[in-house]
Amino acid sequence: MADTWEPRIVAFVCNWCTYAGADLAGTSRRTYAPNVRIVRLPCSGRIDPRFILRALEMGADGVLVSGCHPGDCHYTKGNYYARRRYIVFNSLLDFLGIEPDRVRFAWVSAAEGGKWAELVDLTVQAVRALGPLKLFSQEASLPPELEPIEPQKPQSTAPDPRQELALRQTAREMLASGEVELVVGYGRTSFGKVVPFFASSPEQAEELVWNDMCVHNLTTYLTGERPAATGKVAVVVKGCDARAAVGLIQEGQLDRERVKLIGMECHGVQSECGQVADKCTACEVTTPHLCDVLIASDGSVWKTNEAASTPTRFPASDALRSEVQRIASLPREQRLAFWRSELSRCVRCYACRAVCPLCYCQTCAADRTRPQYVTPGCDWRGAFSWGVTRALHVAGRCVGCGECVRACPQGIRLDILQAFLADVVARELGYVAGTNPEALPPLSTFRPDDRQDFIL
Amino acid sequence: MSEKLLLLNDLHSFADALIKSGFSVVAPSKGPGPSRFRRIGSASELLMPDVNTEIPPKEHLFPPTEPLLFFRFHGTDVELLDPPLPAEETVFLGLRPCDAAGIALLDAVFLADPKDSFYEARRSKTTLVSVACTKVGENCFCSAVGLSPHSRTGSDVLLIPVEGGFLTEAVTEKGRTLLEKHSGLFQPTDASTPKPPEVPRSAAPEGLDKDFAELFAAPYWQDAAKRCLGCGACASVCPTCHCFDIVDDSGARGGVRLRCWDACGLELFTRHASGHNPRPNQPARFRQRLLHKFAYSRKSLGRPLCVGCGRCVDTCPVGMDIYEVAVLMSQGV
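Residue numbers (this note's numbering), protein chains in the order written: chain A, 12 to 467; chain B, 1179 to 1511.
Calculated from the structure, these hints are not laboratory results.
It should be emphasised that the depicted structure is a prediction, and the values quoted were computed from it without experimental measurement.
Just so you know, even glycine gets a beta-carbon here, dropped at the ideal spot from N, CA and C.
Heads up, some of the hints might be wrong.
List time: in silico PhoX-like cross-link candidates among lysine-lysine, alpha-carbon distance up to 25 Å [unchecked claim]:
| id | chain 1 | residue 1 | chain 2 | residue 2 |
| --- | --- | --- | --- | --- |
| 1 | B | 1359 | B | 1303 |
| 2 | A | 271 | B | 1373 |
| 3 | A | 164 | A | 145 |
| 4 | B | 1373 | B | 1313 |
| 5 | B | 1313 | A | 204 |
| 6 | B | 1388 | B | 1373 |
| 7 | B | 1404 | A | 243 |
| 8 | A | 145 | A | 243 |
| 9 | A | 164 | A | 204 |
| 10 | A | 204 | B | 1404 |
| 11 | B | 1293 | B | 1373 |
| 12 | B | 1303 | B | 1293 |
| 13 | B | 1208 | A | 164 |
| 14 | B | 1303 | B | 1388 |
Label-pair distances were calculated between CB atoms; the ranges are [as the list claims (entries may be wrong)]:
| id | chain 1 | residue 1 | chain 2 | residue 2 | range |
| --- | --- | --- | --- | --- | --- |
| 15 | B | 1209 | A | 341 | 45 to 53 Å |
| 16 | B | 1421 | A | 463 | 45 to 53 Å |
| 17 | A | 340 | B | 1209 | 19 to 27 Å |
| 18 | B | 1430 | A | 26 | 17 to 25 Å |
| 19 | B | 1421 | A | 158 | 34 to 42 Å |
| 20 | B | 1449 | A | 140 | 43 to 51 Å |
Footprint (simulated), chain B over chain A, 3 or more residues, beta carbon under 8 Å [to be verified]:
| id | stretch |
| --- | --- |
| 21 | 204 to 215 |
| 22 | 264 to 278 |
| 23 | 349 to 358 |
| 24 | 429 to 443 |
| 25 | 446 to 459 |
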C-alpha cells in the first residue's frame, strides 16, 4: 500500500484567475503532477473553509486554494475576505494538530500558468513528504494525560436585595406603560431553581429574581422562533450578556427600537455549588457597556451607563488561558490526539448551538443534506466536521459567555477552541468580539494590508 | 431470600476475574469528560461514583452513530455490505438500578417484534450486574416511577453494598450462570453476614401513575416550556430515549448508511420535506417528550419511559425539570 500511495490533492480555484492560469499551463504544454483535482468556483471569496474540511473528511491528503492576486479580484474584493478567513482557518488547523502544509493558499493570475504548474508540483511534493493524511485513521494515538488546570473559583456573593427590588420596579413600569410587552429575566421554578423567566404583565414582574444564580445568557431568546424574537421586549443582561447583544446588533439581528436592554451591575454568578463561574474571574464588565437602563448594585436606576467601560479582551480566565497555552505547546501529534479525544465525545445533540446567542441561523449548515456541508454522524469524522465547522462559524463572533460549555452534556472543551480563536482574531484582525456595535464583524470586512505571508 | 444470597468481598476482584475469563467488561471508569461507562482493561480503571454516572450506559448498546450498511458503486450496480457485529460476551458492571431499568425499557422497544438486529446482537451477549444505591443523588426520583435504589428490574445480578462487601443476588438465569462461573469469589451467607441496609428513599413521592393523556390540550404547556431551548441535551443523556434518524454519508464510490441519535425536542425531528412542521413550536415538542415519557408509554409499554435517574435535570442548561413537570402534571395543572 505504502509504495503505491499517491497524494490526492483537491484544488479549489477562482474562475477568473487561477482557473484561467491552470488553463494556460495546459495550453502552454507545461507538465505538472497529475495528483490534483480542480474544483472551479466563482471567486476565492466563495471558497468556504467548510469545503476544505469536507475535502479532507472525504479522503484528500492535501488541499490547494487559489484565487486572484490582491487588487485583481473580478468582484473587486472577494479575495480580501477570503484572505482574512484563511488567517483564522490556518491557525485553527495548526492548533488542532493538522500540518499546515497540507492546506496551501496561493495567488495565481490568469497569466501565471508557470506559477500554477510549480505550485502543484510543490504542493504534491510537500504532501508526499508528509505522507497520507492520518487524521481519520482507525488507530488513534493516546491523548496526552493532562491534569485539568483547576480554575480559581472564589465563592460568589449574593447581590444587594435592593437591586432585585429595583429590577422588579423597572420591569413593572415598562410593562405597565406599554413600553414593552415582555420582560425576559430570571425567575424561580416551583422547586426554587433560578431559571429564565418571561414576565408579560406588571404582576408577573414581581416574580423576577436577581441573584448570583443568574448565570444564563438571556439574549439567546431574542432570535429565531424564541419567545422574545418578536414584539417589544426588554431583556435582562449582565455585562457578559451585553457583549452578545453587541454581536447581534452588529449582525443586524437585534432591532434597538424593539429590544430594550436592562443592564444589571454584576459581581459574579455561580456556575456550580456556590462557586463563581470561570468567565467571571476574567470579567471586565461588571457594569454592562451597552444597555438602556442600568440597575446598579445599590438598587439605583440609571438611564445612562457612562461609568461603564468597553471591554478590551475576550473573557478567558487565567486557567483557560493556561489551557490554551498548554495545548498549543504540545507536540503536533498530541495536540491532534487531545482534540480527537475531546471532540469524539460529541453526540451531535446540538446543545452548544441551541444555547449560543450568536448561533441564530435559520437553517444551520449541519442540518442541510443537499448539499451535505457537514459530515453526518458522531464518529470522529462527523464530530470533527461539526466541531470545527461550528468553531469557525463563531470565530471572531464568540463573546465568551460560556453557555456552550455549560450546556454540553459531554463536557467538551469548546472554550479552549474559542479562546484560542479569539486570540487569533484579536492579534491578526485587531478585533475583540462584543465590544463595538458600530463595527463590522471582523470576518465580514478586511484591510488591504491584512497579513498574507502564508499565501504563496 | 437469604439462601440465594452470596457475599462478594470486593468489586475489583470480580472485575478482574471477569476480564480474565474472557469477558469484555464495561464499567464506570476514569477518563476525560463526564463520568461514564467505558470498556476497562483491568479493575484498576474502575471508578464507581457515589451515585449514577453522568452519562448512562445506553451508548454501549445503542451507539450515538452506528453503521447499518455499507454500499459500493460498481458502474450501475450497488454492492451492499453488512457492518461487522460485536462478537464479544460483555458484562456491564456497576450499573445502578436505574441504569438496568433503563436497559429493560430499551429492550421493550428494540426487542419487540420486529426485533432490531443491531441492538439484539449486542444485547444478547450482555449481562447486567448492578450495584444498589446507598445514596440518593440531587435530582434522583426513581421511587416516583415505580423503581427504587434497590430495584432488580433489568438486572441479571444485583449487588447490595454491606459492610465488608456486597450481598449478591442472581436475579435471572443469565446472572446465575455468571455467578456460578466465578463461584470462587463468593461465600455463602450465614447469620453473621451483615443485613442489607435500609433502602434509601429519594425525596420524590410515589404515584406518577395517572393517565396524563388528557393534558394534551392544557394551556399549561405554553407556559411550562417557554424557556426550553430545544437543545436535545436531555435526550442525549437519557437512558431510555431511543429515537434515531437514518442518514447516508456517501461519496462517488460508495458510502455508509448511518443511524444517529435524534430527539423529539429538536425542531428538525418532525419537520416535513415541505417545510410544514406538525409540532410547530418548542412547547409542542416539550409536551411530546413529557407525554411520551409519562402517558403514551403507559399505553404502549405499560410503564413510564422514565427511570428517574435525574440526568436530564442535571444537564438542562435552563433548568427544565422533568420531575417537577411530572408532579405538576399529576396535580392536573
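- Query: So which of the earlier hints does this model not fit?
  - Reply: 2, 3, 6, 8, 11, 14, 15, 22, 24, 25
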